[in-house]
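Let chain U serve as the given structure and place chain V on it in line with the hints.
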Amino acid sequence: MSQTAIAQADWGGGASPFGVTWQKMMMWFFIVTDALLFAGLLVSYGVVRIATGDWPTQSEVFSLTYIATMTFVLITSSATMACGVKAAELGRPKTAAKFVWLTILGGFIFLGMQAFEWSVFIGDGGGITGNPWGSPTFSQFFFIITGFHGFHVLTGVIVLLVVAVRAAMGRYSPAGVENAGLYWHFVDLVWVFVFALFYLV
Amino acid sequence: MEHEKQGFVSRYIFSFDHKMIGKQYFTLAMSMGFIGGILAVLIRLQLGFPSQPFPFLENLFPVGMASGIMTPEFYVSLFTMHGTIMVFFLLSLLPVSGFGNFLIPLQIGARDMAFPFLNMLSFWTVVPGAIIIIISFFVEGGAAASGWTAYPPLSAIRSAIPGSDLGQTLWLVGMIFFVASFTMGGLNFVVTILNLRTKGLRMMRMPLTTWAQFIVGILGLLSFPALAAGALLLTFDRSLGTSFFLPAGIFIGDTLMPHEGGTPLLWQHLFWFLGHPEVYIIMLPAMGFTSDILATFCRRPIFGYRSMVYAIWAIGTLSFLVWGHHMFVSGMSPFLGSLFVVTTLAIAIPSAVKAFNWLFTIARAKIHFTSASLFGLGVVSLFVTGGLTGIFLGTNATDIQLHDTYFVVGHFHFIMAGAGLFGAFGAVYYWYPKMFGRMLSERLGKIHFWITFVAYYAVFFPMHYLGVSGMMRRIYDPNVYEYLQPLQPVNLFITISAFVLFAGQLLFIYNYFVSMRRGAPATANPWNSAGLEWSTPAYPGHGNWEGEIPPAHRWPYDYSEPGKKRDFTPQWEA
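Line by line, the protein sequences give chains U and V.
So in the working numbering, spot 147 of the first sequence is number 147, and the numbers just go up one at a time.
So in the working numbering, spot 472 of the second sequence is number 1472, and the numbers just go up one at a time.
Here chain U stands alone, though its shape is the one from the complex (with noise of 0.2 Å):
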C-alpha cells in the first residue's frame, strides 16, 4: 500500500476522543511535555535560591517597567494570534494572516527587548560565572531560563513565518494556524510564570 493511501485512510471508529484531530492532541501532549521543562528549570531555580540565601533583590538589578512593558508586548501578540485563528476559522484567509503578520511582530519586539535587557545585564557585570549582587547562581538561572524562554519565542517566530508563508501562497489550513496558535498561547504562559518567579518574587 502506498503511503498517501496509508495517510488518507479512514479510520472507523467513530467519533474522536475529545472532539479533536490527533495533529491538536499531538500538540497538547507536546505542550504539556513542555510545560514540565519549563517547571524543570524553574523548580531548579527555587530550590538553589532558598538553599544559597543571598540572593539579590530583582528590583535594584532589573527596571520592573521594563520587563512589564516586554510582559505586555507579548501577551498582546497573543491577543492578536487569537483574533487569527478565528480569522482562519471563518475562512478569512488574508484577515488571518495579516494578524499572523501583527503577531510575528510582537515576537520581534519581545525578542529585541531581550537582547537589550541581556546586553545591559551583561554591561553590569552579569556573567555565566558571577555577578556583582549576590550568589552567582543568580545570573546562571537568569541567562538560562530566559534563554531558553527567547530560543522557544524565536522557534514561535519562525513557525508563525512558516504559517504568514504558506498562507501567502494559499496553501493554508485552519487547523494549522490553530495548532501554531495553541504553540504560541503557551509560550506567552510560561513567560507570565517566568516574570512572576523570576523578576517578581
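Fair warning: there could be bad hints in the mix.
[Stated by the list, open to error] A few chain U residues facing chain V, derived, Cβ under 10 Å:
hint : residue
1    : Val32
2    : Thr65
3    : Gly130
4    : Ile144
5    : Leu182
What the hints contain is simulated information worked out from the structure, not anything from laboratory work.
All C-beta atoms in this analysis are idealised placements derived from N, C-alpha and C, irrespective of residue type, glycine included.
Just chain V now, kept in the frame of chain U:
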C-alpha cells in the same frame, strides 16, 4: 491491493512503516544489549578474578586493560556504561520503542502510527545517540564513569576523574538524543492509541499490552522533561563554568574549584523524578506482554481485566511520588523519608493485584508450554522475587543499612532488568511469526529459556547475601577489605554463572537471525490467539490489512468459552 514498488532505502532504512521501524529498533536494541552484556562479563571478570592478568584483553582495551589487568578507572567506566546502555538502549528501546511501534497499530486496528514521519525521525534520532555512547569508550579518558545516575560533582567537574572529561560530555549528548527520540515516540504512541482505534475498540477492550504502552507513553512525556532540564543544567556546569549542582569548597586534588551557590542534591531530585518512572517504563510493557502471553497459552481469559487496567494506572500514578526512596541516605529529613516509604510501599498493592491476577489466570489451567509461555511464567517468578526484596529497600530503616550494597544490585536486576528482559524475550517468541512470517525454533527457545532462567537466579540471587554481608555496590576489588575476603567463592560462582548466562543469549541471537530465513513459514494465527493483530496476513505489508480494517466486536481474551466449538473467539468475530 497492489504494493507500491519501493527501493531498498525507503523500505529498509528510511521506512515509514511502523513494523519496519519497530524491527529497526529491535536490531539497534539487540546490538546495544549485546555490547552491554559484554561489559557485564568484563565487570564479573574483575570481581571473580580480582586484578588477575588476562593478556589477550590488552589487544581490545590497550589503556583500560594495560598488560591485561583492569584499571580501576576502566572498571568504573564499565559499570557506568553497562547501566546506561542496558536501561536506556536495551530495556527502553526493545519493549517500548520496538514493540510499541510494532504492536500498537496492529492491536488497535490502525494502518500505521498517527504521524509516520515523526516515527521514522524518532528512530533516526536515537541512532546517533547510541553511536555517540559507544564512541565514548574510545576517547581520551575513556567513557563516562559517574554511574548510570551521573551524580555531580563527579559528573559536573571535568577534571574530577578521567571519565569525567570528554566521556561524560558524550554521555550527556547521547542522552539528549535519547530523550528527544523517546519524546517523539511517546507523542505518537499516546495520540495513536487515543485517536486511531478501529470501530468498536473501546479503551476497555484494548489488550493489556497496548494499555501498558499507553501509560508508558504518558509516563515518558511527564518524566523525561525533568531529566532534560537536569541535563541542560549539567551541560552548562561542565562547559560554561556555572554552579547549578556545585557548592563552594570543592577540592580536586589541591585545586579549589571556583564554583559556589549550587547543590548536588538538586541533580538527584531531577534525575530520580525521571529515574523512578523510568523503571516502570521498562516494567509495564513486560507486564502487558505477560498478560497477553499467559492468557493465550493458558487458554483462559485474563483474570481481572479491569483491575489489571486500574493497577497499571495506579502504578503509573504512584511512580511519580516515590523518587525520594532512592535518596534516603542523602540527608533528607526523616519525616520526608517516611512519606516516601508510604508511597513506595503503596505500589506493592497494585503490583500484588497484577501478580495475583496472573496466578489466578494460571491456576488449574492446562498451560501450553511454549518458549513464550515459559518466559511469561519467568516474568511472574522474577517479579515476585524482586518485589519482595523491594520491600526491604523501600523502607528507610532497612534501606540505610542496605543502600549501595549488592542487595540493591540483586534487587533491581530481578524486578526491573530481569522481569523486563524476560518479558521482552517472551514477546519476541510470541510475536516473531507476525514480525518475519516465520517461526522461531521452539527447541532452541526452550533451551534458551532454561539456561537463562537458571543462570539468572544463579547470578543475581547470591548477590543479596553479598549485600547483607556488606559488599559495596560499585567496589573495584572487594578483597581489599579483610571482612569481604571470605566472600570470594560466592563472587567466583556468580562470575561463572554470568558467563553461562551470556553464552545462553548467543543461542537466542542465533535463533533470531537464522529463523528469519530458515524458520518454518508461519500461518496468520499460529497460536490461535484472539487478539486483533492476528487477523492480519502471515506477513503483513505496509498498511497491515489487505482489505478493510476489521472491527473489534469483543475484548481480546475470549478463550475457552463454555458451549463453543473452538477454544477461542477472535476479537474480530461477532
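Hints that the structure is at odds with (numbers, increasing): 2, 5
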